[in-house]
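First to last, the sequence lines map onto chains X and L. The opening residue of the first sequence carries number 1 in my numbering; numbering runs sequentially from there. The opening residue of the second sequence carries number 1 in my numbering; numbering runs sequentially from there.
No lab work stands behind these hints: they were computed from the structure. We treat Cβ as the ideally placed atom computed from N, Cα and C, and that holds for glycine. Be a bit skeptical, because a hint or two may be false.
Claimed, not checked - According to the in silico footprint, chain L covers these stretches of chain X (three or more CB under 8 Å from chain L):
id, stretch
1, 12-24
2, 119-132
Unchecked claim - Calculated Cβ distances over 12 Å to all of chain L for the following chain X residues:
id, residue
3, Glu6
4, Ala8
5, Ile76
6, Tyr96
7, Lys100
8, Ile116
Claimed, not checked - With a cut-off of at most 30 Å between alpha-carbon atoms, the simulated BS3-like pairs for lysine-lysine come out as follows:
id, chain 1, residue 1, chain 2, residue 2
9, L, Lys175, X, Lys9
10, L, Lys40, L, Lys65
11, X, Lys9, L, Lys158
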Amino acid sequence: MMPESEFAKKIATYLTAGTTELKPGVAYRLQQARTAALARLAQPDKMPAIERELSMAGPGYSRGPRRSGSPSWRWIAAAVLLLGIVAFGWQQWQAYIQVKEFEDLDAQILSSDLPIDAYLDRGFQNWLKTSYER
Amino acid sequence: MADVERRAYKQAIFAVRDEDAALDIVQDAMLKLTENYGGKPAGELPMLFQRILQNTIHDHFRRQKVRSTWTTLLSALGQKDDRDEEYDPLETLQAKSDSNAAADPALQLEQSQIIALIEQALSRLPARQREAFLLRYWEELDVAEAAAAMGCSEGSVKTHCSRAVHALAGMLAAKGLKL
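Required output: the full structure, derived from the provided sequences and hints.
Below, the structure written as structure tokens:
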């Protein structure tokens with residue numbers, strides 16, 4: 001078996017060859033990312049060292065949009081998510097209470113001596129209404 | 001730098017197996033490098049960039065873990081993450097342009113297949129072994145620099161590298177590939 005370092009170097013050679021076979025668009029997006037990073041250089045005195053490293057293969061600098069969200073947007077998203085969870089929980093709780101009320105009512109109706117058909121009788125409903133008003 | 005960013009992208013994609021996430025990681029790492037370390041000497045930048053890149057990959061996994069926890073809690077939104085099943089290293093390979101057509105197509109195909117097998121094997125390595133291997137042998141950092149980038153001891157880097165080489169050799173041999 002060949003030495004570890006020799007084997008590793010062969011692997012590295014293949015990996016480097018693999019970087020030339022990126023999907024179309026990926027190299028362009030990487031270049032955009034680089035130019036966006038260069039545009040973020042805040043202090044002019046920081047430019048020389050980093051400029052040499054970053055701009056060897058690229059065109060001039062242009063400000064590009066950052067693809068991922070900023071921290072403030074993350075906080076807003078977290079707040080909206082939390083609000084959504086609270087609203088969802090509240091709605092579930094209300095639904096549970098309503099179902100419980102219906103269950104209690106059903107239990108009362110089913111356990112009473114009065115036949116259930118009586119509640120469908122219009123005359124009986126009118127009698128209940130008038131006796132309640134009195 | 002184009003080579004560096006391409007290698008960084010490949011490193012990220014070996015780890016996260018998602019093109020968009022890998023591009024975000026590379027971009028974030030570049031931004032952090034320019035925002036926080038713009039004044040450092042050029043010689044320190046490769047190691048710093050690798051350290052930032054590894055940390056950004058770890059951050060990605062941390063965020064993914066938090067997200068999956070919430071997804072599990074909110075079972076209504078819960079769907080199996082099937083990116084593992086969708087990932088096929090062969091898809092990351094594209095035919096070379098006509099300018100390279102002078103080379104033997106059969107050789108090109110063979111090389112593409114070997115690269116795909118190697119990338120597939122790398123993706124299957126444990127994360128720390130893969131990191132150590134790529135930093136030492138691909139990024140050509142020395143043991144001390146790799147240890148600094150990974151935030152571990154030099155001994156750990158050597159151990160991870162050795163295990164990675166043996167695991168890769170085993171996986172490639174199992175596929176019938178001898179380098």
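Hint by hint, here is what the structure shows:
no. : hint                : verdict
1   : 12-24               : holds (count 12)
2   : 119-132             : violated (count 0)
3   : Glu6                : violated, 9 Å
4   : Ala8                : violated, 4 Å
5   : Ile76               : holds, 16 Å
6   : Tyr96               : holds, 16 Å
7   : Lys100              : holds, 22 Å
8   : Ile116              : holds, 37 Å
9   : L:Lys175 <-> X:Lys9 : holds, 19 Å
10  : L:Lys40 <-> L:Lys65 : violated, 33 Å
11  : X:Lys9 <-> L:Lys158 : holds, 15 Å
Hint violations for this structure: numbers 2, 3, 4 and 10, all remaining hints satisfied.
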